[in-house]
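Participant: Following the hints, position chain X against chain D.
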Amino acid sequence: MDATVDRSRQKPLHPVHAFLVSATVTLFLGALLSDIAYATSYQVQWTNFASWLIAAGLLFGGILLVFALIGLRHADRREGRYLLYGLILLAIWLLGFINALVHAKDAWAVMPEGLILSAIVLLLACGAAWMALSNLRMGDAP
Amino acid sequence: MKRPALWAVAGLSVLVSACGNDANRAQEGSADVGPQPVLPEQQRGLLPNMTIASPAQWGDQRPTVPRGYVIAAIATDLRIPRQSLVLPNGDILVAEGKGGGAPKLTPKDVIAGYIKAQGNSSVKGGDRLTLLRDGNGDGIYENRSVFAEDLNAPYGLALIGNQLYVANQDALVRFDYTDGQTRAIAAPVKVTDLPSAINHHWTKALTASADGRFLYVGIGSNSNITERGMIAEVGRAMVWQVDAQTGAHKPYATGLRNPTALAIQPGTGQLWAVVNERDELGPNLPPDYLTSVREGGFYGWPYSYWGQNVDPRVRPQDPQKVAAAITPDYGLGSHVAPLGVAFSTPAMGGEFADGVFVGEHGSWNRENPVGYKVVFVPFREGRPAGAPIDFVSGFRGTDGKTRGRPVGVSVDPRGALIVADDLSNTLWRVTPAP
Numbered sequence: 000m001d002a003t004v005d006r007s008r009q010k011p012l013h014p015v016h017a018f019l020v021s022a023t024v025t026l027f028l029g030a031l032l033s034d035i036a037y038a039t040s041y042q043v044q045w046t047n048f049a050s051w052l053i054a055a056g057l058l059f060g061g062i063l064l065v066f067a068l069i070g071l072r073h074a075d076r077r078e079g080r081y082l083l084y085g086l087i088l089l090a091i092w093l094l095g096f097i098n099a100l101v102h103a104k105d106a107w108a109v110m111p112e113g114l115i116l117s118a119i120v121l122l123l124a125c126g127a128a129w130m131a132l133s134n135l136r137m138g139d140a141p
Numbered sequence: 000m001k002r003p004a005l006w007a008v009a010g011l012s013v014l015v016s017a018c019g020n021d022a023n024r025a026q027e028g029s030a031d032v033g034p035q036p037v038l039p040e041q042q043r044g045l046l047p048n049m050t051i052a053s054p055a056q057w058g059d060q061r062p063t064v065p066r067g068y069v070i071a072a073i074a075t076d077l078r079i080p081r082q083s084l085v086l087p088n089g090d091i092l093v094a095e096g097k098g099g100g101a102p103k104l105t106p107k108d109v110i111a112g113y114i115k116a117q118g119n120s121s122v123k124g125g126d127r128l129t130l131l132r133d134g135n136g137d138g139i140y141e142n143r144s145v146f147a148e149d150l151n152a153p154y155g156l157a158l159i160g161n162q163l164y165v166a167n168q169d170a171l172v173r174f175d176y177t178d179g180q181t182r183a184i185a186a187p188v189k190v191t192d193l194p195s196a197i198n199h200h201w202t203k204a205l206t207a208s209a210d211g212r213f214l215y216v217g218i219g220s221n222s223n224i225t226e227r228g229m230i231a232e233v234g235r236a237m238v239w240q241v242d243a244q245t246g247a248h249k250p251y252a253t254g255l256r257n258p259t260a261l262a263i264q265p266g267t268g269q270l271w272a273v274v275n276e277r278d279e280l281g282p283n284l285p286p287d288y289l290t291s292v293r294e295g296g297f298y299g300w301p302y303s304y305w306g307q308n309v310d311p312r313v314r315p316q317d318p319q320k321v322a323a324a325i326t327p328d329y330g331l332g333s334h335v336a337p338l339g340v341a342f343s344t345p346a347m348g349g350e351f352a353d354g355v356f357v358g359e360h361g362s363w364n365r366e367n368p369v370g371y372k373v374v375f376v377p378f379r380e381g382r383p384a385g386a387p388i389d390f391v392s393g394f395r396g397t398d399g400k401t402r403g404r405p406v407g408v409s410v411d412p413r414g415a416l417i418v419a420d421d422l423s424n425t426l427w428r429v430t431p432a433p
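Just so you know, the protein sequences line up as chains D and X, in that order.
Under numbering that gives the first Met the number 0, the first residue of the first sequence carries the number 0, and numbering increases by one thereafter.
Under numbering that gives the first Met the number 0, the first residue of the second sequence carries the number 0, and numbering increases by one thereafter.
Check the hints yourself; a few may be wrong.
[What the hints assert, rightly or not] Below 20 Å or equal to it, Euclidean Cα-Cα: the simulated SDA-like pairs (lysine to any residue) are:
(1) X/Lys103 with D/Glu112
(2) X/Lys107 with D/Leu100
(3) X/Lys107 with D/Glu112
(4) X/Lys320 with D/Tyr41
(5) X/Lys97 with X/Gln41
(6) X/Lys107 with D/Trp51
(7) X/Lys97 with X/Leu38
(8) X/Lys107 with D/Leu58
(9) X/Lys103 with D/Trp51
(10) X/Lys320 with X/Gly296
(11) X/Lys107 with D/Ala54
(12) X/Lys103 with D/Ala54
Just so you know, the hints here were simulated from the structure itself, not pulled from any lab data.
In isolation and in its complexed conformation, chain D is listed as follows (with noise of 0.2 Å):
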């Protein structure tokens, strides 16, 4: 079951994955921050800077999905820890977009609904780039 019993199979994280992960992880952490700046100052422009960073995380984020989707033709990959991961992104991906949708409603509209779902975006993000960079080997991907 467990395909990192296998040392053999064992590569390094290629590093345009290990920058794609982390990139989203900033750039979430980005529109969540922003989101926090409108929501205590009414500053409007913050809302536009987290639609733009929302909109660069779904890109990186959705780069990540496509190549971990590929892996899973793998056999071995469709189930543990690689499973989990490509739910994750797709988790991500999902409620990100949603988020996106959220955050093109007009000035206030955004809140609350905005604020937290980029709490749970970015949450998602770190889970997935820390199972990417500690102990996923995906070498091959993407």
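Facilitator: Just chain X now, kept in the frame of chain D:
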């Protein structure tokens, strides 16, 4: 371990159910029209309702007018005609242009801007005034000349004596005009600058007071509902009173989100306006309106609509301003987008003698489109009385295609309604049948 995926599925079903929308079943032109419109609950799904006009050519078709009236195209191939002015000798001036260009601040601005552009003409704005003349009174405007060009998105037009005033998107200017003139003899003189930073709603409506001392300029808001920030709204969403001689100006009435056309009531001298209300609160909310404009009055935007109905999207809120908000006189229907208003004259005949004509550009923020016609709001004793009557319709065909979009309307005292159409770039003229 599948909880994230389940969440995602739950989120998707929220998305889907939010898009399905039963409030659209409300019949067109029903509850939200008239002096006391019914205001439903606010609603907004994850996506705003959008139905964008799908343009088509007129071909042999024509807009529909009431029995006993005829319609003719008196000018075609204009370059985005907006407002018209009937001069004392019967000549017609048309302002042509396309202003705006507010920066795109969010992904939504980029995407929605592209989608909405599909419902408009792709012709470049003329930035000019075209003069049309019917030399022999046969209803055919055989002479056409460019009265002035190199203007900046001209919109509102007004004549006081021998001075022709033009509201560009950034300044009020004037030309000398004498009866029969077909071309401006000199460059315009600036009367005053107008607020033009960002210019989200760029059109500057214009009319002159009955005594010719003042001009009234309609200045639209810089956003739908403050999403460009409160600072961008300083000096916006109001009607200015401008001294015609000196250019000195002051806010005459405020809180009018987008006062797109102004008119002075014959007899009383009262200023009236049609106003485009905010979007994304639902298909039947809030009504665009026709109202008499009270000096010093505040009409709600952005804090509230139709009197004291608070808009929760505005922060910080202002309960004092909400309490002071005036309820408009007459709801025209939500999202119909009135862009023209003109008082009728007895020469228009019959049931259309006393009232106003309103040009409705038509909706985007609604599943079932509304507007896309010119309606007549009957008046009695100087006030709106009764339901609006379709006067020019058929701009949006039963095939779902849109062949024209009405903007400015003006009344020729000899008995004709002039309608500018900025989709087919046509000027229409409706007259009682001979």
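Participant: Decide, hint by hint, whether the structure agrees.
Facilitator: Evaluation of the provided hints:
1. X/Lys103 with D/Glu112: Status violated; Cα separation ~24 Å.
2. X/Lys107 with D/Leu100: holds, 9 Å
3. X/Lys107 with D/Glu112: Distance of about 17 Å is within 20 Å: holds.
4. X/Lys320 with D/Tyr41: With a Cα-Cα distance of about 18 Å, the restraint between X/Lys320 and D/Tyr41 holds, given a limit of 20 Å.
5. X/Lys97 with X/Gln41: Cα-Cα ~32 Å, so violated.
6. X/Lys107 with D/Trp51: OK: X/Lys107 and D/Trp51 at ~10 Å, within 20 Å.
7. X/Lys97 with X/Leu38: violated, 33 Å
8. X/Lys107 with D/Leu58: Between X/Lys107 and D/Leu58 the Cα gap is close to 16 Å, so the pair holds against 20 Å.
9. X/Lys103 with D/Trp51: The given pair, whose Cα atoms are some 12 Å apart, holds under the 20 Å limit.
10. X/Lys320 with X/Gly296: holds, 11 Å
11. X/Lys107 with D/Ala54: Given pair X/Lys107, D/Ala54 holds - Cα atoms ~10 Å apart, limit 20 Å.
12. X/Lys103 with D/Ala54: OK: X/Lys103 and D/Ala54 at ~15 Å, within 20 Å.
Checked against the numbered hints given earlier, this structure breaks hints 1, 5, 7; the rest are met.
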